[in-house]
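Asks: Residue numbers (the numbering used here), protein chains in the order written: chain A, 1 to 410; chain B, 1 to 410.
The hints are simulated quantities; they were obtained by calculation from the structure and are not laboratory data. None of the values given here were measured: they were computed from a predicted structure. Take the hints with a grain of salt, since some may be wrong.
Remember, identical chains collapse to one label, so a pair may be satisfied in a single copy or spanning two.
[Unchecked claim] Listed next, the in silico SDA-like pairs over lysine to any residue satisfying Cα-Cα at most 20 Å (straight line):
1) 131 / 409
2) 132 / 386
3) 131 / 201
4) 318 / 268
5) 390 / 167
There are 2 protein chains.
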Amino acid sequence: MDIVRGFRCIKCNKYFAANYADLVCDTCGIEGILDVLYDYGELKGKISHEYFTDASLPASHWRYRFLMPVEYSTSLPPLEVGNSPLYRWNNLAVRYGFRSLLFKDDGLNPTSSLKDRASSVGVAMARQAGKKRITCASTGNAASSLAGNATAGGLESLIFVPGNAPEGKIAQCLIFGARVFVVEGTYEQAFELSMECAQRYGIYNRNSGINPFLVEGKKTVSFELCEQLQWKVPDYVIMSVGDGCSLAAAWKGMKEFHQLGLIEKVPAFIGVQAEGCSPVYKAWKESAELQQEEPQTLADSIAVGTPRNWRKAVKAVKESSGIFLTVSDEEILQAMQEVGRETGICGEPAGVTCYAGMKKLAENNYFDNDAEVALIISGNGLKDVSSVIKAAGGYQKVPPDIEEVARNIL
Amino acid sequence: MDIVRGFRCIKCNKYFAANYADLVCDTCGIEGILDVLYDYGELKGKISHEYFTDASLPASHWRYRFLMPVEYSTSLPPLEVGNSPLYRWNNLAVRYGFRSLLFKDDGLNPTSSLKDRASSVGVAMARQAGKKRITCASTGNAASSLAGNATAGGLESLIFVPGNAPEGKIAQCLIFGARVFVVEGTYEQAFELSMECAQRYGIYNRNSGINPFLVEGKKTVSFELCEQLQWKVPDYVIMSVGDGCSLAAAWKGMKEFHQLGLIEKVPAFIGVQAEGCSPVYKAWKESAELQQEEPQTLADSIAVGTPRNWRKAVKAVKESSGIFLTVSDEEILQAMQEVGRETGICGEPAGVTCYAGMKKLAENNYFDNDAEVALIISGNGLKDVSSVIKAAGGYQKVPPDIEEVARNIL
């Protein structure tokens, strides 16, 4: 590899050279997720604020390719991932007792979720490895983003989903031509099937629970945030947490830009889980090993009972001096409505769980008056229309008679 | 107004000064839609290719504000509209016997359709007029984009939809806090209610059938296309047609950039209607006045039986040396699947109707070997999940058993 310098196991700290061929640590096995290392010293001389003023850089997340694991000789898959809008809503911040509230709408990615950042890198790495097929198990967004990025990138995708994935996400997989296997069983069983398929048939494995490269795509959400804020990072970044991979990735992005001297401080990371599925929160709170849970929340994208990146997420929150908290499904539905009405952003339940967390913290005076808080809206509400309707409430049926309407609008 | 120079009635050609207060021609009434005029001579000296290299210009469609009707003193609504990705798929073009095929994915706008371009301008103009409320009747996308842009822009929206609008679009309206009236009647009756409401209560009228300013937002899709292609315009632009407003707008955009000397030629515009609702096609084919129709197509966004901008659309196609054609619902569903599998773009039925038209024309050798064809994908498939599933076909249910999976994938 011409960019990656090596790997380090997040469990036992063992170092591997850049040409290490396996996806996980040879000692720790599936729990030994690898962290990708770069030569930050070398990059520091080359990458300055000035670098990003080059108009020939792509607008997509590939503008950060110098810190992404895809070799320069590998041709990139075509979907234009990243470059999602960042909105500032200071009136809302003031209502909640702090200075500035930012919304990064990652639901406007090509397949409508943050997962496109990971899947695009997965597809690129599969191409680099000469693979024609790629697989993952997913409750939804990882699957649909993989399906879209794979087909645009000329790969066949094999998707394993549990039976309870929302229809919109399965529909996306299908329209992108993925081979979709709806597993009559749990998410865990879907995951095992995907893992076994990858191994048995030499199919590229895009399960973020083991693939170290996906984080390298997800972290670009932080890179963009830094650049969009002209290198003045917020005090807090709040993210919804299922597996823990996205939060850990965003933290890595901040640390890396800090190491390159592009930003002067790093934000505290706050992870929000649904009350009905909060194993990462509990592991953090009790400083204990993770206990599996049976998920019971409508926020399907973060209903992960056996998160595999929990260690990384807990570490990220601790290192950054942040916290974890949980919110109820009722609070998540309220957040969908409030975000929609206040900002014109339609987020899926897991997409706005971070907002519910912000609200809860603000109501407990967690933030300074002067704080700036950034929320990562990770998925589009159109992926789960039934939850949107549940959150939004009903509408009025009227006969075609202006007097009837008049009675309603005055 | 500081940018608009005047208006001209598209029916009787009557000229109105920039301070004309009504939305339609005082002679022709509702059929007298006005065309917005600018001082192209003055702009020609100021707007060159060089102008667009200014990094301080917004990335959104407001970068073209010099040809948009919103006064410079009016504060703009916040959603970042436009700047949608453009993909080139030459392998597909070659399969269909021509050189280059472009997809502009306008389903990645903030509320997931091209209509955001119009609604954002509508909301800005309402603010400019000091209005607090804005209304429209719509089969879906105009409504949901209005709801999103209005709420982000601090306005209340009143939306009138006929009973058959897809659930995803109504859900968006609701989550954005719109007052949604589902009219127990036809689209025409919903339209009449909206018109009457606007008049009776002084609510800003965002019906594209009468409001001259919406076109001025929609035309930015052409501006972006020109800029993204570094001013080398395609030979053909193909668009799905319902009301006719979007196609007429895109044509106006091309003509204006040509007039400013930014592009050397203009493309031919091809309008595609659904067989089950093709009044504009018929008016063009028979060079006759429009005959209303009862729409019968699954492409709800172009199921407009009483298009109000048909004159403009027919004129655009004639002036540009293009044509109209129709495609069946079956061909539209096939297009959804083919676009999804080939490009990773998930379009709603009306969003990919243009692709079905391209295919039909290509199969009849309409395009030169050397032709470049651009398709405007006007809406996201997630807005209409049931049609996506209809188009994509089913999936396999498997028990959690690798041998079962193995039988399926080999």
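Asks: Would you mind marking each hint as holding or not holding in the structure?
Replies: How the hints compare with the structure:
no.: 1; hint: 131 / 409; verdict: between (59 Å within a copy, 16 Å between copies)
no.: 2; hint: 132 / 386; verdict: neither (35 Å within a copy, 30 Å between copies)
no.: 3; hint: 131 / 201; verdict: within (11 Å within a copy, 63 Å between copies)
no.: 4; hint: 318 / 268; verdict: within (9 Å within a copy, 59 Å between copies)
no.: 5; hint: 390 / 167; verdict: both (15 Å within a copy, 12 Å between copies)
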